[in-house]
Amino acid sequence: MASLSPSVHAQPSPVKPPEVTISPEASPSRSRGSKLAQEARRVKHKFTTRDGWFGDYDYSWLCMPTLPFTKQERRNPPFYALDADLPLVLAISSGLQHALAMLAGLITPPIIFASTLNLDSSTSSYLISASLIGCGIMSLVQMSRIHLFRGYYLGTGLITVVGTSFATLSTANAIFDSMYKDGTCPTTTSADGTTTRGPCPNAYGMVLGTSLICSFLEIFMSFSSPKVLKRVFPPLLMFVQGTVILMIGASLIGDSGAANWGGGSNDCQNRPTSGIFQLCPTIFGPRALPYVSAIILTEIFGSPFLKNISIIVGLLVGCIVAGATGYISSSTIKSAPAITFLWVHTFKLGVYPPAILPMLAVYVSLAMEAIGDITASAEVSRQAVVGDVFDSRIQGGILADGISGLVSALFTVTPLSVFAQNNGVIAITRCANRGAGRWCCFFLILFGVLGKLSGVFLAIPNPVLGGVTTFLFANVAASGVRVLAHVRFLRRERFILSAALAFGFGNLLHPDLFTHLFEGVDNPNKGLKGLFDSMTIVLSTPFLSSGIVAAVLNLIIPAEVEETDRSSEEEEVTDLESQEKVD
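Going by numbering that gives the first Met the number 0, 498 is the number at position 499 of the sequence shown; the sequence numbering is gapless.
Simulated from the structure, these hints should not be mistaken for lab results. One or more of the hints may lead you astray.
The following label-pair restraints were derived from C-beta to C-beta distances [to be verified]:
(1) F494 - F53: 22 to 30 Å
(2) G150 - A323: 23 to 31 Å
(3) G197 - L508: 46 to 54 Å
(4) A426 - G386: 20 to 28 Å
(5) N474 - E38: 41 to 49 Å
(6) G150 - P198: 26 to 34 Å
In silico DSS-like links for lysine-lysine, alpha-carbon gap of 25 Å or less [stated by the list, open to error]:
(7) K34 - K180
(8) K34 - K45
(9) K525 - K333
(10) K180 - K528
All values derive from a computational prediction rather than experimental measurement. Every residue, glycine too, gets a C-beta built ideally from N, C-alpha and C.
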């Protein structure tokens, strides 16, 4: 220590650093050159080192199943935040998981639309491809968080993916039914009284055109201040949103899920004694059989990776069984192009006036869903769910949601909105990095461009697809119950929910409840008839009727004093405890 004392106590004379003069012109170029060199080193490290490819993520945790009756020591992998340095293998595998988790939900709506409108196989295959490509492109927009002006953004900056909302699916089916009833779409009646719907691609174009003009409602809503949005959609409306989601899932199970799962589709479930629907799916099917010849899908649960793609595993198992028993036809695969893209098929855009009011209601519902889904995405990504940044994410997400509805119509795709399925993937993989989200978009676009893949999806038999969609729609209904579980139900909330469910389930169990509501009006003019048709579609759609009833009653029924209810609840608890002591 003695030898160090001189250097400690000495006072060195100050040395003036040499002056360096940098010209104003040279400084930016040097800065840019330094940034480019730094980026080059980062890319080199990413692609040429083991750490860049694999990092320290526990891939065995991701891929190994949980074996019964064994003790397995597991540690959670590290959490990767939005802009963390993500290993390439993890980015690609996480992106693939996101894409596969979305896949069943993305291909289901176009398949159902094509089946409802009796479109040919080439058009049906194109709808699947266009849906996948459009979802990939618009998901990139949602993840980007582009600054527009002042405090307004486009996108959330999270792994926020989009897809065709099941709310749109339910409403579009009601609109198609109305078009066939009023003669907009052709129908033929056979000698035995069986009614057959003809192909109606123009109906699809009308839904696209109507959704395009209605999307401006959500776009305008996004430029409202966060305070206004919170006032329009207060936390108390969670039970309205939960009711809507519950009814969407329940109605879709009855409309297309369970009927196809049981093996029956179209009019064959009515068991006609003659005509093409005498057997299911038709007498021209490769293995036509009577109704209720079911193929039951098996849900396989294993490693976290398989849990994220359990729906795809179920589809794969069902297709293997269906192929072995002769239910799969390769005609759609052969007719599908090897490579495809948007606008290979086009539809004549139009506006169906009776559909305007229902589609406006759908966009309000989509905005409500977007707020909840973005909040869940921010929470699972370990981002703040209060404050200015979060408010800007909500604003940017709703704006991107509205623009997705507009652009998707130009992409020949029904309205695209925020999907919630991917929040589970983030939670399980502990990867909230946007790099994984961009790989997800890449895979979605790739799946859409590969036209033969759409032909494979189209070849899935109705019973197999019905089993998967029934599970998907039941998950939607369960999500509605989960939202309702967060509501503190007082007498007022129970009354509102009961009234809403009375309309929703009444509609669901008695589909023609409001069909003949305005038949007593004599000779209505064209405008009045269009209004009546719009109201009939709204009232005949379970989630719309129940949602409107819940929202209106929430506005007009005065709130109760919460302290009174708490006092009564405490008195009930005290009485129960006293009774237990007596017993």
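Supplied distance hint 23 to 31 Å, evaluated on CB atoms of G150 and A323: 59 Å, violated
For the pair A426 and G386, does the Cβ-Cβ distance stay inside 20 to 28 Å? 22 Å, holds
Hey, K34 versus K180, does the alpha-carbon distance stay inside 25 Å? 64 Å, violated
Cβ distance range 41 to 49 Å for N474 and E38, holds or violated: 42 Å, holds
Hinted pair K525 and K333, Cα distance within 25 Å: 46 Å, violated
With the threshold set at 25 Å, check whether the alpha-carbon distance from K34 to K45 stays at or below it. The given pair, whose Cα atoms are some 16 Å apart, holds under the 25 Å limit.
Does the Cβ pair F494, F53 satisfy 22 to 30 Å? The hint (22 to 30 Å, Cβ to Cβ) is violated, given that F494 and F53 are roughly 57 Å apart.
Next pair to validate is K180 with K528; report whether the Cα-Cα distance is within 25 Å. 14 Å, holds
Could you tell me whether the CB distance from G197 to L508 stays inside 46 to 54 Å? 29 Å, violated
Between G150 and P198, does the beta-carbon spacing fit 26 to 34 Å? With a Cβ separation near 48 Å, G150 and P198 fall outside 26 to 34 Å, so the hint is violated.
The structure is inconsistent with the numbered hints 1, 2, 3, 6, 7 and 9, although it conforms to all the rest.
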